[in-house]
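Engineer: From first to last, the protein sequence lines stand for chains A and B.
Going from the first sequence to our numbering is simple: count from 1 and add 230.
Going from the second sequence to our numbering is simple: count from 1 and add 377.
If you're looking for bench data, these hints aren't it; they were derived computationally from the structure.
From a predicted model like this one, the values you see are computed outputs, not experimental measurements.
Check the hints yourself; a few may be wrong.
List time: in silico DSSO-like cross-link candidates among lysine-lysine, alpha-carbon distance up to 30 Å [stated by the list, open to error]:
(1) Lys624(B) - Lys473(A)
(2) Lys473(A) - Lys436(B)
(3) Lys673(A) - Lys662(A)
Covered by chain A, per the in silico footprint, the following chain B stretches (three or more residues, Cβ under 8 Å) [what the hints assert, rightly or not]:
(4) 578-587
(5) 643-651
(6) 690-701
If you want the ones that stay clear, here's a sample from chain B, every Cβ over 12 Å from chain A, calculated [claimed, not checked]:
(7) Val443
(8) Lys453
(9) Leu592
(10) Val729
(11) Ile733
Even glycine gets a Cβ: it sits at the ideal position worked out from N, Cα and C.
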Amino acid sequence: MAEKRKKGTRIIRQKPDRRANRTILIRSLFLMVLFGLVVFIPLFFKLWQIQISQHDYYQELAVQQQTRDSTVTANRGTIYDSQGAVLAMSATVYNVQLSPKDLLETQETYREKVEDAQENGGTLPDYPEPTDQFVAENLASILNLEVEDVMKHLENKNSQYEIIKYRVEPEESEAVQEFITENHLSHGIYLMPTSKRYYPKGSLAAHVVGWVNPNTDNVGAYGLEAQFEEELSGQTGRVVTAKDGVGTELLYRFEDYYDATDGNNLTLTIDATIQSYCESILQEGVEQFDIQDGAFCLVMDPNTGAILGWANSPTFDLNDPWTVSDPVLLQYLEDIKSGGYTKEEAYTKALAEGATAQEAYDAAVQEAEKEVLYSQWANKAVTSSYEPGSTFKSIVLAAALEEGVISESDHFYCSGVAQVDGWNGDPIRCSKRDGHGDQDLAKAVANSCNPAFIEIGKRLGAEKFYDYLEDFGFLEKTGIDMQGETTGVIWSRDDFTNVDLAVASFGQRFQVTPLQLITAASAVVNGGHLMQPYVVSQITDADGNVLQHTEPTEVRQVISEQTSERCRAILEKVVDGGTGKNAAVEGYRIGGKTGSSQTLKGDDHTIVSFLGFAPADDPQVVILLAYDSPKPVSPGSNYTADNWYISGGNMAALKAGELMEKILDYLGVEKSYSATADVMVPNLTGLNLADATTSLKKNNLSIRVVGDGDTVTGQIPAKGASIPGGSEVVVYMGAEVPTDQVQVPSVIGLNVEQAKAKLSAQGLYLKASGASEFGSTVVAYEQSTPAGTSVDRGTTIEVRFTDSTASGAGL
Amino acid sequence: MVKRRRDLTVMQQLARGPIDIPFLMLVVILTAIGVIAVFSASYPTAMQEGLDPANYFIKQAGFGVVGLIAMFLISKINYQTFRGLSIFVLGISIILLVLVIPFGYGKSTVGAQRWISLPIIGGFQPSEIAKVGVIMYFAARLSKRNTEKHKRLPPRHPLSGLYAWLDEKGVLEPIPYFLILGLVAILMLMEPHMSGTILVLVGGASVLFAAGIKLYWFIGGGAAAAAGLFFIMTQTSYMATRLAIWKDPWNDGMNGRDKGFQIIQSLYAIGSGGLLGVGFGKSRQKFLYLPESENDYIFSIWCEEMGFVGAAIVILLFILLVIRGYWIAVHARDRFGALLVVGITTLTAVQVFLNIAVVTNLIPSTGISLPFFSYGGTALMIQLAEMGMVLSVSRQIPAPKQE
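Using the sequences plus the hints, can you model the full thing?
Structural biologist: Printed below as a string of structure tokens:
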């Protein structure tokens, strides 16, 4: 049976080995093709697709998650004045950053320590538990924040970047650092360095320098900070660090560092000293003359066009541009708030929109606050224009001389009224109602005589006049490297009628920017070269390499050297006895032109100005000083509450003289001495009488001898003191030199002779300044050392005099 | 005292035949590359766990060396010995698969109990043994299928005619194998271990296929598998989400931060590599971005560091290994050798394919490690032991007849 089955099996089912092997062979080869080749083909396709076709896509996504891209703030460039004093600089301050995520770990660590201490009997941590509440309360109190706000940040438990305060001051960041150290919170609270802009000189040259807005990432908002944003800001750098999947930085795999390029530095033509003179002169004048609408002062080097000083009032502290500190503006705001004025437009608009009276009031106040801010930020000397008034006569003079239509020998007759063809209004009056009578050219300029200038304008003719407007640059921007420059408001050539010519001849009914005027005036006195004004003299990189140096640019020659020289001579007479005599400074030759111009605001709004230059024979500085609207004591009055006559000659020239003196002293311009000019007292000690007398005589001084010794043992004043020429020096020959002090008497209101006598009685010297002619109407209004002060004998007291009778609008 | 050649039996002499050098070299090269890849891919993980950065590398290298020695020793064994051993290997693996249910443990990352710890050997996956066991047993039995006695029902049995007919058509022949496969598969699915199950089925099926089991079984099996897969994919929510993530990994409800995370990170790694890669050791994705970067997803890191070129070279090495494996199979001295090698080779090939297909998101993810590369000492040892069996078969390939 078994045998049979076996046999049967063989017959039916046993396949030959060869056949089985063949099956295995074929099927194995099939598997070989399938698993050794076919299945891998799609893998190659897929890999190609991912690695080659979509490489950029995946790489970008991967890099995005793998790297932490943090920026490195570039140091913003520094702004220097022409002497290298820092006007604007950046310093490192800190942002206070919380990492709630890290803080959680710190809290965990603390709990572990406590548990550990309890279990093993160790000491408990000697600092309080760093709960969220604890951290929030302390930081809030250090940084002057609300506790809830800090808590809100802390609630973002997964976050590592919660900046709770930006750019904290060093005191605050130090306090935070201390808090961190004391409470072992270095894992959780971080001080991240960033930069802050500082203006070491506060409000100095505020309108020129401008400011950066810390709220918009330190981008320049105003002034040069905005104008030169690209130069100053530098190139923000980047640090790309690799991080792992849980956010830890892989410092050793630090990949890319793109250096921050520090911003470039600006060196200005502005001199901080001159600038501060300008600003204090403005501020003094504003207080002295009750100025309502601000003031401006420009100082230019006429030979290059470089601006040496540029001040506006009201001004503000660059470190805090949103705070109003100007007293006039504060008063205005106060008035608005108390309902003295209303901001009518805003008020009615708010009312019309359905606001309550209170809301309308708030809207009006808000509007006023905004207005005040814009007002204090405005750089009037370049962004707004005004009627130049009589100061413009200097330009007309130059044009007429250049064209040869007038000469120094010409005479002009002024009856007090001028007739102009085609003029229909009230007759055009001269400032002097009864007329200047007959006057030569220099006198007409010195008198600032309107009829004379109408005549000069007529001789020039509208066509030529207009040509000179163009040539002096009044129709175009000066091209200064400052933000927001505008041009004036001037007739078009086609509309320029004879009437226009007449009023334009004395600087009215058209507007120019102060910068245009001073630029043109510089051309008048510098030999005829119209220079392009500039405030940035140099741009240097962080390493001090000069990238750009501003060379003076002459736009064109407007008048000849000779004409310019003649203008200087004539304009010097304006200060030397003319309407500008209050600007005179003993020892300096100053030329200039006064101006009082109407404004669009109405009758009681006059801009009093003075355009001056010195030294007259070789001008080194040109200044333009103007006060906008001294407040008359009563509407229509020509006097302020302090009894100042409202005119350029009485106000601007007076202050300009002070300013000019300071600037010229500072610049080291040598004084040209007249008989009474100051001289230096020589050292006389040890000399005999004869030698002492000779020495004094050489210095234009006289001698008074006390004592009877052979040699000089003492002297008053001491050597090196500066006293007016012709004064007496007391020489002690063996006698005791008195060392007691004397009291300074008051000389205010006295004329020169009286003042001199009064001072001399106390052994003091008088140094008179202000007016150049000291007639009986010229009286002292200010003395350098207040009355009652004790001083050494022989001290020089400076007294400023003013001619109280100088009068007339349009001067 | 070395026995002289003539003292050896024929079998012994055959077993001393020359080893297949190309296959050996491919294995050594792949193992070396794999261990180096583990070094690069594992050190951030090691550091994160507070271990020495080279911790994984040293272990893997150790297993690699021991594994290669073991491979060589196994290749010295006359593979006919495996015939007899096969039933025991299969039996032990089934016992272990049962034991793993109460005594096994899982890795927290997987959420399944696939590991079992044995004294001396340490922790390993019984499924690894089961794969070999199935292939060995199937090869051993199927190589004798032409001489096997066919059971018959008693002639008077009502179904005896039908039975004989079915037997003749080959319907009945594979049923025992299916039962074994079914048992193993069920045990593994209980862990659960889907990928292991697939590999066991594929390994077993390849031996059955090569041995000459009727093709309709495979056609039918394939159809059934496809239908089942289709059913699972469309009808079960588990697979449905897997499928959705496969189509769009970012669409996991958390913008790729949840279930799609791993595959997204894998694609980032592979994509970042580009043509030439970011350079050996310079992968960024291994820094705690790509989970299992030293294990199932080691090939992604390799792609990132070595680029398309490096990836292609490794795949080509695997292709050569697989082709050489089949070459050994078709040249094997007997059917057992052939089937054994076919099973092991196919298993390796499929494992390579599935791993790379998963990390490139060609197919939905299943946890399959890459032979020679993925970190895991016992897995590497078993892998190399399998290679040793192939090499053992290669020693007995008859020399080409001299012309």
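Engineer: Would you mind marking each hint as holding or not holding in the structure?
Structural biologist: Okay, the hints, checked on the actual structure:
In summary, the hint linking Lys624(B) to Lys473(A) is supported, as the alpha carbons are separated by about 29 Å, within the 30 Å threshold. For the given pair, Lys473(A) sits about 27 Å from Lys436(B) by alpha-carbon distance, which is consistent with the 30 Å threshold. Straight-line distance between C-alpha atoms of Lys673(A) and Lys662(A) comes to about 14 Å, which keeps the hinted pair within the 30 Å bound. Counting residues of the stretch 578-587 of chain B whose CB lies closer than 8 Å to any CB of chain A gives 3, which reaches the minimum of 3, so the coverage claim holds.
Counting residues of the stretch 643-651 of chain B whose C-beta sits closer than 8 Å to any C-beta of chain A gives 8, which meets the bar of three, so the coverage hint holds. For the stretch 690-701 of chain B, the proposed coverage by chain A is satisfied: 5 residues have a C-beta within less than 8 Å of a C-beta in that chain, meeting the threshold of three. Against chain A, the non-interface label of Val443(B) holds: every CB pair exceeds 12 Å, the least being about 28 Å. Look at Lys453(B): its CB is around 25 Å from the nearest CB on chain A, clear of 12 Å, so calling it non-interface holds up.
Not every beta carbon of chain A lies more than 12 Å from that of Leu592(B), the smallest distance being close to 9 Å; the non-interface claim is violated. With a cut of 12 Å on Cβ distances, Val729(B) falls inside the contact zone with chain A, its closest approach being about 8 Å. Remark: the non-interface label on Ile733(B) conflicts with the geometry, its nearest Cβ contact in chain A lying 5 Å away (cut-off 12 Å).
In this structure, the hints that do not hold are numbers 9, 10, 11, in rising order.
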